[in-house]
Amino acid sequence: MSLPLRWQLLELQEAYIAAIDDDRLEDWPGFFTDDGLYEIIPKENEDFGLPAPILRCDNTAMMRDRVASLRHANIFEQPTYRHMISGLRVIEEGADTALMRTNYLVVNTSLEGTTSVYQAGIYKDVVVRTEDGWKFREKRVVYDTSRVQTLLAYPI
Amino acid sequence: MDGTGPITQELLDIPFPRRDGSRIPYAVFNSPEVYALEQERIFRGPTWSFLGLEAEIPKNGDYKRSYVGETPVVMTRAKDGELAAWVNRCSHRGAEICRKTRGNSVVHTCVYHQWSFSAKGDLQGVPFRRGQKDQTGMPPDFDVKDHGLRKLRVESYRGLVFGSFSDTVAPLAEYIGPEMREYVDRIFNRPIEYLGCTRQFSNSNWKLYIENVKDPYHASLLHLFHTTFNILRVGMKVTTTTDSTGLHSALLVVKNQEETAEGYKAQNIRTYQDGFRLQDPSVLDMVQEYAELSTNHIQPIFPQLVIQQIHNTLVARQLIAKAHDKFELVFHFFGYADDTPELRAMRIKQANLVGPAGYISMEDTEATELVQRGIVGHGTAQSVLDMSRHKPDETATMISEGLVRRFWEGYRNLMGFSAGDLA
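Protein sequences, first through last, are from chains A and B.
Per our numbering: the first sequence = residues 1 to 156.
Per our numbering: the second sequence = residues 1 to 423.
A hint or two may mislead.
Simulated coverage check for chain A against chain B, where a stretch passes if three residues somewhere in it have a Cβ under 8 Å from a Cβ of chain B [what the hints assert, rightly or not]:
hint	stretch
1	48 to 58
2	72 to 79
3	145 to 151
These aren't lab readings, by the way, just hints derived from the structure by calculation.
All figures in this text were calculated on a predicted structure; none of them were measured in a lab.
C-beta: ideal position from N, C-alpha, C; glycine also.
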């Protein structure tokens, strides 16, 4: 694997988490190809080959709907996320495509000021090179923290 | 000791101001003493608690960990295919035996001293039972038959597995009751396939969630998804029913029969100039699977199960009380064994509607936590459940707290709490 590719993919990953942590959710669908898949699924289902997700968008229109719903419909305490990522591995590398895995940890800070681990897991990503740079064709978020505290509103 | 005897020595009473379940003392939501008494009188009392689906343990030897109230149990399918359940506590020194969430084994061995048990909970082996060389083993009067695991009564109704500590509770079908069986049968009308589960943890009392699933009044007010996206829900026919105890209930919301599924789809994308619209309304697609074109079927079978059909998502929600101010909710997703690939994909897509991140459900635990925080320092304060109280026969409406009131009557009877004279 060339170092520049690794650098480019890490850049994509860090730009992605910054959009969520900075509460720029409107930018979030733009990290995907139009037919991109975004799925959050517990590890216990993944391990047993069971398909039930907690959230699944199979195109960017569904992602924009999720953002619109979070902004205007759903009621929840505004989260303050900080994503930490580590261990980025490129599993497979093609001319304009790559498979990668990255560990993530999300801490959330409540309005009252308590910070706690909200979720740990792994990103299983398929990325493709487009005219606008690297995008996710698939981002599957497989979380270890099977007990979701209270609710999950924002993307991971 | 099997640990199922009474632990509360003194009689605890939380007096309810009224007999009709319309005033609820907040103490029932944040008292550790009430929670302890519920373990005894409800979860170890004359009730059946939902453990899981038969479809989760289809093969002989399959098992999964579950709970009856706070007590950890394991439900299994034994070598002969029979269902069993036992408390996950070694009969020797009390260690947890089964350490995996689910798996397959016909023998369960405690790691501490390797006492081994069958899938039905019978003690099969005790290392060094007859000693070794010149060292003695267990006394001659030690009989393995006396030291099996604490077994539960287990019954399945249409693939829903329940367990009970009670020797006196009626058989499961009778406990569910004829009014409720009609609704259970509606959903569990043919073989199902388990699709996995998601879990949600809430810092609030488990009965706040029971109130929530018996309260159609909040639906359009707390969950703003439909109204925000101008998704019209016209011509809905509502049915609410309880069993004779009031503890179980069913809410069925049915679309007008004349409207086809296509018509429903067209309605979903109707927009107003100043409103929002869904760019991909496929999440609200719906195919008719039952005699009625029902959008919502919400049916709590007290104390641990809520059967849910919302559009084409099918879920058995398990409600597990963890403390006076904590509960866990496990959403067991399923489909029918004869689903087409398209219908199965639709069920998976509609998981977006329900569960911990669901468009029309995520607020429920938010609301129960708001109550839990709001009632701190409650003194003698109580909640008010008056909506349609003067019209108890009006059951074909969402604008009612009737099911919640009936629940509290049933709960008060089960707990033995007193009530004032009014109503």
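To see whether the hints hold, each was checked on the structure:
no.	hint	result
1	48 to 58	holds (count 10)
2	72 to 79	holds (count 6)
3	145 to 151	holds (count 6)
Figure legend: structure checked against the earlier numbered hints; every hint is met.
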